[in-house]
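Enquirer: Okay, here's what each chain looks like letter by letter:
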Amino acid sequence: MKRIGDKIGQTVIWMTAAVIVLLMLLFLVMLTTESGLSIQRFSWRFLVTSTWDPVHLIFGALPFLYGTVVTSVFAIIFAGIVGIPSAVFLVYVAGNRLRTWLGALIELLAAIPSVVYGLWGLFVLVPWLQNTGEPFLAKTLGFLPLFRGMPVGVGYLAAGIILSIMILPTITSLTRDILLTVPNELHEGAYALGATSYEMIRSVVLPYARTGIIGALMLALGRAFGETIAVTMVIGNRPEISGSLFSPGYTMASVIANEFTEATSQIYLSSLYEVGLVLLIFTVVFYALARLLVARMMTYRKGGASE
Amino acid sequence: MTSMDMTKAVHWRKTKNRIFFGIIVILTVVCVLPLFMILGYVVYRALPGFSMGFFTRLPAPTGIPGGMANAIVGTLEIVAVASIISLPFGLGAGLFLSETRAVKIQSFIRFLTDVLSGTPSIVIGLLAYALIVAPMGNFSGFAGSIALAILMIPTIARTSEQVLRLVPVSLREAALALGATRVQVWMRVVIPTALSGILTGFLLAVSRALGETAPLLFTALGNQFWAKSFFAPMAALPLQVFVYAISPYKDWQQEAWAGALTLVLIALVLNVLARLIGRTKR
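Same order as they appear, the protein sequences are chains A and B. Residues 1338 to 1644 (our numbering) are what the first sequence spells out, left to right. Residues 44 to 325 (our numbering) are what the second sequence spells out, left to right.
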């Protein structure tokens, strides 16, 4: 009797593991079949066509790919510049107490729902950008094509800034965790050679943690790719490609969010599914790479300890 | 190099050190600033509209005082069902990842779980639409629950795996030595020992699901009235906030702020609760 109960329990556990596999398969199979029509009609040109015309049923995803990449890369640069030094502060400057408190505050930032970021972006950030931020940038950095054009507020810049704030907690807390794994001997060795704290961090800690930090950045990038609602609210939703950060654009996630329930024809719906499929593949690849990098970092550490 | 140059060089290195830490402190302030800016502004804008009526009234046309009663109840219903669905699967996968001995399959499943947790929530919405809404022919709160459950399973699985692994091997061995079967060990020893940690992970998953808008856009869809049933279009708080935020009416926007504050408060309470539970038993 006992044995049978045990068998059943074990089987149930294996089945839940199978559910995980099934879910992943469902994602790939369902999205591929649903986007079949669009794949057939447009093939690979879907990815390089910049026309998105629901009236004449011509669909190309290039503007969305462009928008997703531009806003996410902007966010990763911005959030990296702020987040990585903050992690250094948490690990090497703050005491235990302050570290816990600041860490909790930064993680609270991650707990704020996406739609709240969007609301704030729409009513605070966008008007500010339109009246103050973008005219200022145009005046000071206007020689770069990135900062030319009409200051309308909504656009790549607004979306990029909101995304930076949203992925900041991911970068900071992951980098902090990675920095905490740096062995103490390295710090002591550097100090013993007469290095200042700055020299120790720059030439010992950062090279050691580099792989892990790159992994953290890529994880954050994966998150930025998929972020939907906040971006939809501030990017302006126009399927065009523009070299200026000021102009309105569109991302893969936000085009699905906006147009899916309004898609009237089969091919329109199917094209939106294909945008979803591309987005899924994008994020999965990035997640896989990032995990591999972080995992490699951790095995380095283990290898070092056993020597 | 004379000793003069030496002291100069040392001086310069120390100055560089100070500049570096100055920059770091400034950037850390920049890092936590958005939290206060956003929370402060949400409270400032939401308080005028934060009244009893907001929680008890149905949405109304612009000009008539309305509320989000149906959206709040809808969110609670959708998330409750999503929790009931996702908890057993998430915990089961967590047990599989920490308790079975098929190491190769484990690392494969762990990888898939990670990838699933990185799936964009809007794509989860697409899957739920294709799986449930399209075959059933209508939008429903149920479809929203499924979408949120798919979102929650990987989070619960990974967090419970981590805390299950913290349970000392000696406890398992002691129970096995007393003649318990593996399943009995899991049920009576491992899970109870790790319970506070599992709960923490679960609450964090719930908190994330409560704030999600994207997976509900074309599953629960939203509703200006009380939902006829769980299998009909249903209002949800984040959805309602989104719709009202992009509307052109001042009073709807005001209600969007009140809804945002409600969402933030729920998220804060859940997070603090999760932390407290996680702390007491370790």
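To be clear, the hints were calculated from the coordinates, so they are not data collected in a lab. Being a predicted model, the structure only gives us computed values, none of them experimental. Each residue gets a CB set at the ideal place from its N, CA and C atoms; glycine is no exception. Wrong hints could be hidden among the right ones.
Claimed, not checked - Okay, the calculated bits of chain A under chain B, using three or more residues with CB under 8 Å as the criterion:
#1 1387-1395
#2 1486-1499
#3 1572-1586
To be verified - The calculated label-pair distances, taken between Cβ atoms and stated as ranges, are:
#4 B/R208 <-> A/N1433: 23 to 33 Å
#5 B/I127 <-> A/T1369: 23 to 33 Å
#6 B/A220 <-> A/G1342: 16 to 26 Å
#7 A/M1487 <-> B/G83: 52 to 62 Å
#8 B/P104 <-> A/I1551: 15 to 25 Å
#9 A/M1487 <-> B/R208: 54 to 64 Å
#10 A/L1517 <-> B/S150: 43 to 53 Å
#11 A/L1517 <-> B/L221: 30 to 40 Å
#12 B/I69 <-> A/L1517: 14 to 24 Å
Enquirer: State, for the Cβ atoms of B/A220 and A/G1342, whether the hinted interval 16 to 26 Å holds or is violated.
Expert: With Cβ atoms ~19 Å apart, the hint holds.
Enquirer: Quick check on a hinted range of 14 to 24 Å for B/I69 and A/L1517, using CB atoms only.
Expert: 23 Å, holds
Enquirer: Are at least 3 residues of the stretch 1572-1586 of chain A within less than 8 Å of chain B when you compare beta carbons?
Expert: violated (count 0)
Enquirer: Is it true that the C-beta distance of B/P104 to A/I1551 lies inside 15 to 25 Å, as the hint says?
Expert: Check failed, 52 Å falls outside 15 to 25 Å.
Enquirer: Is it true that the C-beta distance of A/L1517 to B/L221 lies inside 30 to 40 Å, as the hint says?
Expert: Since A/L1517 and B/L221 have Cβ atoms about 39 Å apart, the given range 30 to 40 Å holds.
Enquirer: For B/R208 and A/N1433, compare the CB-CB distance with the range 23 to 33 Å and indicate the outcome.
Expert: Distance hint for B/R208, A/N1433 holds at roughly 25 Å.
Enquirer: Can you let me know if the beta-carbon spacing of A/L1517 and B/S150 is within 43 to 53 Å?
Expert: 24 Å Cβ-Cβ, so the 43 to 53 Å window is violated.
Enquirer: Taking 23 to 33 Å as the stated bounds, is the beta-carbon spacing between B/I127 and A/T1369 within them?
Expert: 30 Å, holds
Enquirer: Are at least 3 residues of the stretch 1387-1395 of chain A within less than 8 Å of chain B when you compare beta carbons?
Expert: violated (count 0)
Enquirer: With respect to the beta-carbon atoms only, verify the hint that A/M1487 and B/R208 lie 54 to 64 Å apart.
Expert: Since A/M1487 and B/R208 have Cβ atoms about 55 Å apart, the given range 54 to 64 Å holds.
Enquirer: Three residues minimum, CB to CB under 8 Å: does the stretch 1486-1499 of chain A make the cut for coverage by chain B? Let me know.
Expert: violated (count 0)
Enquirer: Determine whether the Cβ-Cβ distance between A/M1487 and B/G83 falls within the hinted range of 52 to 62 Å.
Expert: With Cβ atoms ~31 Å apart, the hint is violated.
In this structure, the earlier hints numbered 1, 2, 3, 7, 8, 10 are contradicted, and the remaining ones agree with it.
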